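A.B. asks: Residue numbers (the working numbering), protein chains in the order written: chain G, 1 to 259; chain H, 1 to 259; chain F, 1 to 273; chain V, 1 to 273; chain E, 1 to 308.
Because the hints were derived from the structure by calculation, they are not lab data.
There could be a bad hint or two in this list.
Example chain V residues on the side facing chain H (calculated, C-beta under 10 Å, incomplete) [as the list claims (entries may be wrong)]:
id, residue
1, Arg73
2, Asp79
3, His105
Being a predicted model, the structure only gives us computed values, none of them experimental.
Beta carbons: idealized from backbone N, C-alpha and C, even for Gly.
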Amino acid sequence: MGAFLERALPPTLALGGFLAIWEVLTRALDVPAYLVPPPSAVLAAALQEPSTLLVGAMTTGRAALVGFAFSCAFGILAAITLATSRRLERAFYPYTVFLQTVPIVAIAPLLVLWFGPGLRAVAVSAFIVSVFPIIANTLAGLRSVDPALRDLFRLYGASRLATLVKLELPSAIPEIVTGLRVAAGLSVIGTIVGEFVAGFAEGAPGLGIVVLTSYRQLRTDVLFAAVLTAAGLGFTLFALVNAVGRLLLRRWHASELSR
Amino acid sequence: MGAFLERALPPTLALGGFLAIWEVLTRALDVPAYLVPPPSAVLAAALQEPSTLLVGAMTTGRAALVGFAFSCAFGILAAITLATSRRLERAFYPYTVFLQTVPIVAIAPLLVLWFGPGLRAVAVSAFIVSVFPIIANTLAGLRSVDPALRDLFRLYGASRLATLVKLELPSAIPEIVTGLRVAAGLSVIGTIVGEFVAGFAEGAPGLGIVVLTSYRQLRTDVLFAAVLTAAGLGFTLFALVNAVGRLLLRRWHASELSR
Amino acid sequence: MPRSGPLDAALSAGGLHSRLSDAASGVGVTLRGVRRIYPTGLEAVASLDLTIEAGAFVAFLGPSGCGKSTLLRLIAGLDQPTDGSITFSRAASGASVAFVFQDPHLMPWRRVLENAALPLELAGVGERDRKDRAMAALEEVGLADAAVRYPRELSGGMRMRVSLARALVTRPALLLLDEPFAALDELTRRMLDDQLRALWQKLGMTVLFVTHTLSEASYLAERAIVFSKSPARVVADHTLALPREREHALRSTPAFLAEEQTLYEALVRGEAT
Amino acid sequence: MPRSGPLDAALSAGGLHSRLSDAASGVGVTLRGVRRIYPTGLEAVASLDLTIEAGAFVAFLGPSGCGKSTLLRLIAGLDQPTDGSITFSRAASGASVAFVFQDPHLMPWRRVLENAALPLELAGVGERDRKDRAMAALEEVGLADAAVRYPRELSGGMRMRVSLARALVTRPALLLLDEPFAALDELTRRMLDDQLRALWQKLGMTVLFVTHTLSEASYLAERAIVFSKSPARVVADHTLALPREREHALRSTPAFLAEEQTLYEALVRGEAT
Amino acid sequence: ACNKSSTSTAGTKTDTQVKVKLQLNWVPEPEFGGFYAARESGAYAKNGLDVAIMGGGAGVPVLQMVAGGQTDFGVAGADEIIMARLRGADVVPLFAVYQTSPQCLMAHASRNAQGIGDLLSSGTVALEPGLPYATYLKKKFGFDKATIVPYDGGVARFLADKEFAQQCFVTSEPVAAAQKGGDPKVFLVADEGYNPYLVVVITRRQLLREQPEQVKAFVRATRDGWKSYLEDPAAANAVMGKLNTSMSAETFAAAAAKQKPLIENAETTKKGLGSMTRTRWEKLGQQLVELGIVPNAPPAPDDVVTAD
Ligand SMILES: Nc1ncnc2c1ncn2[C@@H]1O[C@H](COP(=O)(O)OP(=O)(O)OP(=O)(O)O)[C@@H](O)[C@H]1O
Ligand SMILES: Nc1ncnc2c1ncn2[C@@H]1O[C@H](COP(=O)(O)OP(=O)(O)OP(=O)(O)O)[C@@H](O)[C@H]1O
Ligand SMILES: [Mg+2]
Ligand SMILES: [Mg+2]
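Work out the full structure, taking the sequences as your base and the hints as a guide.
C.D. replies: This is the structure we're talking about:
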């Protein structure tokens, strides 16, 4: 209980303080509500249309999760492949940056044509946006293995697979977790951007659609509510990654020891 | 010379092979050019309007660099601040994810009102999109310092600043470089997305404007040329980060030793 | 009489992976003109010729930084000589090699038992079997109690002993030890000295070990090679004139003290050149 | 006659930061009922009472894993006792403490010279000055040639010596050494033994050092404390009846051998309990 | 023809019904009201069609999807259709919802602008780069006096800056701006001489050739749908409101009212809703050539399905 408080109190206080300042500032400076609504107005909007946000969060959350899962799987696999040889890394690693720089809108037609509109195209967008940090961090982790342990594995004639599974991946976990932290938020924004351009199939509109339509209609309170809901999804994924990281690293890694 | 070849050949071959396959596939499968043009057509388009792309690359490149520079400075500073206490980290770190999940379009009016349209708003967009990976990676790096060295610094009564400058930052360099790698590409896409909503459409339009224009007019060849030019900017920043990383880590870090 | 402990029992319990099971006797090593120049330009080993018979027990002595660890790494195949060749009496790939590094180098994410069991795991030994053997090896180095701890929860000497258990858990044909006992107290060290020698007598593997303790070199080895200051050249290659069966009482005999003195003098000579 | 080397010269050359300059004489340490229980539940040190006078030279001996390193860390203030108190004869903050860990723990991104100069740098000593002093300290541990190398280009023993130079480069009032010479060859070790004792005689700082080598403990220390198996309790607290001026010839005198034997017996007793 | 079996009643589906897909290029909004009305009123069903109406985002490549056969019908702007045809997408227009383009520019009434020319003579104007009509306005008025910034899709900057003008859809941004207390004055681009058909239903030529009756039935039903939507949009609005929960019922109603005069005019009363003329297609093609957006005008679609 005490430990939980110690963990939950600081972020709660920070959030409370932030909201309070925001509320006071918007009121004191008389900021027009269509520009930045006070948090109370955002809350009111959210309470007025709980189902819009809920449905949006469900739709977006599902796509983000799917995209994130693919990012994890593919990103780690790609990094493993690149790590097998310096030459391979040199040949292909620079081009993975492309995934980061391509504007989703520019390839939206291809996404929709190849994957169909709705969940699939959107999840692919989330994947594209979030995969690179996983590749980069995993690769960095795999490259930082204690050379003496590598020698030991070589000495005992460990297969490539055994070296990977028993040595490289475990020692890269801290870096992989960092990559996942970054990818968590990116997969949410990737989903939303994907929804902007390819998101609306029949039925439940995701947060991206809510953002766009409320933006067009200048319903800034709803817009903020949707953006904050998206941030909430990001936090949730981030917290999930953190929990997994803590679980994996608690017993042995410096970054988690002094907690 | 040999070393240079060894370094430059694999990526060149990979690129060549990729382009060849692309060219052959689009021709063999008779892919409509408005969908995916063959690289030869993209090249032709690029050669037809070299100044559009050059000007675009300059405008976008400048904004990306400015945004990236701010990301580096602010990201590292923020991570340092968060690293001073577990409580501070718990209070604020989760909320930095917000930077990752907020759609630039949703805050475009604020960006433009606060920073003015053009370079400044666009650079801020690049900053927002690219700062989180630097925070996350730097923080992870700062947290992974050899505890015995930390003890040593404590023993010698090192000031907070000295510990930071002489111990924590140097030993976090590998992680920071990884963060910068991720941020490099993100700052380019952040710029382009920023240009979508807050750039100048006239004068020296950036690549984002070129992308939008060619997209609207279904000039897929120009669109691809612009997207590839943006990727080129991303590569350049990425290569820069790699070079700096190699320079800093060459003599001591496992990840750069076996090269 | 050499003591025979649980480690010994565990190792002879058979059932090891076929790659290891033929390694019961040692492997000979021949070095011809071996040099090693590091990329920094430093010559760590200078044109070394050395023949080590299968089943030998050889101690390497020499000043700090003279190239002993480098030499061991070369023999293990973890590093390639700049010049010269290293050959083995039988295919080195078929024979198993075990190495105790100068530092423990344990896997921080694995418990002690799983660290010690690593070589068996890599050789494909089943889980039950390898846990039993690793446990036996840990018992032998006096760490049965610490089996479920993580490396960071161990003392320096305990870590080094885990590393030793990890090397002994297989039945290596060639055992390379780089100052394995330096971080251990006198009693533990003597116990392990006896264990090691008993194991060697039983299995007949080739043992090459680096030590800075003259009495340990004399007590354990059949042959001691003393190197000069860097780059390593042989100053003395001395076969110890001591009985095959050794007990601690031996340490205070004049014959033993004389051997120690011989080594000491060789060291002094190596330092002087 | 104790040797007087360049390190000694460098240290007495004055001009050190004020925080350090008053540390010319040692600091006394008193432990009252000190216990340390690790979060895993393991009791590493059990209710220890110990008084160490200012300027004492004390050797800690004991089985591997008995709690020696833990004790040193507690005294250095790097770890907090679960129970009990540790007090100093004068404000510990004013006095400077130096620590040589059991492992070298160098900063891999710094060259050897910059590693050795670290404590001076942190004390605000100017660049020229601190480079000179660090160089002198490196010379003393026999590493002047290696000053511009990076730690990963050093041998194990060399790394440990850099760590030693780093500790000696300041003029500590309390010097804590955790098996500093374990990885060194006999000759280097003897040289450093003499250096250390000469330094102590000159500066009068308090030296606490952990060693596993009985002869080293006898040769160096004025007082030897032998601990039992974990958790650490004092088995023997023995003042060595040896002359203040020591030379290597002493090692073969009956008085010296008798002291060694006393310590050995204490160790055996500690292991038995 | 396939509409002989008009035994099927509203909303019910029988085996004889052909399943077809209609791909929209935006989320359900009044600009698509007629399609939903056709579905809800049973007009599609009566014509033997089971139509799946697919909403879309801004990036859904409707033209490519129609050309590639991923969907049977889609909607697009006339200028986009010309560009796509020229670049090899063999699509044909069938039915134009907006006879007058709802594309417009709006400025604050306080500026007293009398036309788009005034509005482009000072201040900041937000226009989406690459839109043909933006190019048209550039050619006609020049962009050197005002600061041109990309249109970001909203009206926040408009409300915050009295010197700010922007592109808009008559049915959308001005309504939103007015609701927030702005006083926008709206200028139709069509009045300046650039007036492409908008929300044009297209199909691929192959389908038209192979299933002419089915295509005709679709057009007929769509026309019926729009007729009923213009009469009473409430039912269809309610359906769309369920799909697009982010837009209020009032906004739906207001927008539906606004767009009515752009859909119905003298021409459509004569020839029927959605009808198109060759002349306008040819003129548009010529305009695009003059703007340098396309190298040469494609022949006007000769197989435009006009009212029976
Ligand atoms: N961080 C830790 N967490 C839990 N247990 C620990 C930790 N550090 C040390 N221990 C345990 O405390 C005991 C004492 O350890 P310590 O390092 O003080 O031993 P030592 O006397 O220095 O041994 P050695 O001579 O082998 O270095 C050992 O049993 C060790 O396993
Ligand atoms: N990776 C390396 N790069 C450059 N020089 C190295 C490297 N490793 C070792 N050396 C140098 O080679 C020499 C021999 O090193 P080695 O580790 O073999 O010594 P050693 O005999 O094992 O010493 P010790 O007894 O101190 O462990 C030393 O001078 C060392 O500095
Ligand atoms: Mg060595
Ligand atoms: Mg210890």
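A.B. asks: Hint by hint, note whether the structure agrees.
C.D. replies: Hint by hint, here is what the structure shows:
1. Arg73: holds (8 Å)
2. Asp79: holds (9 Å)
3. His105: holds (4 Å)
Checked against the numbered hints above, the structure violates none of them.
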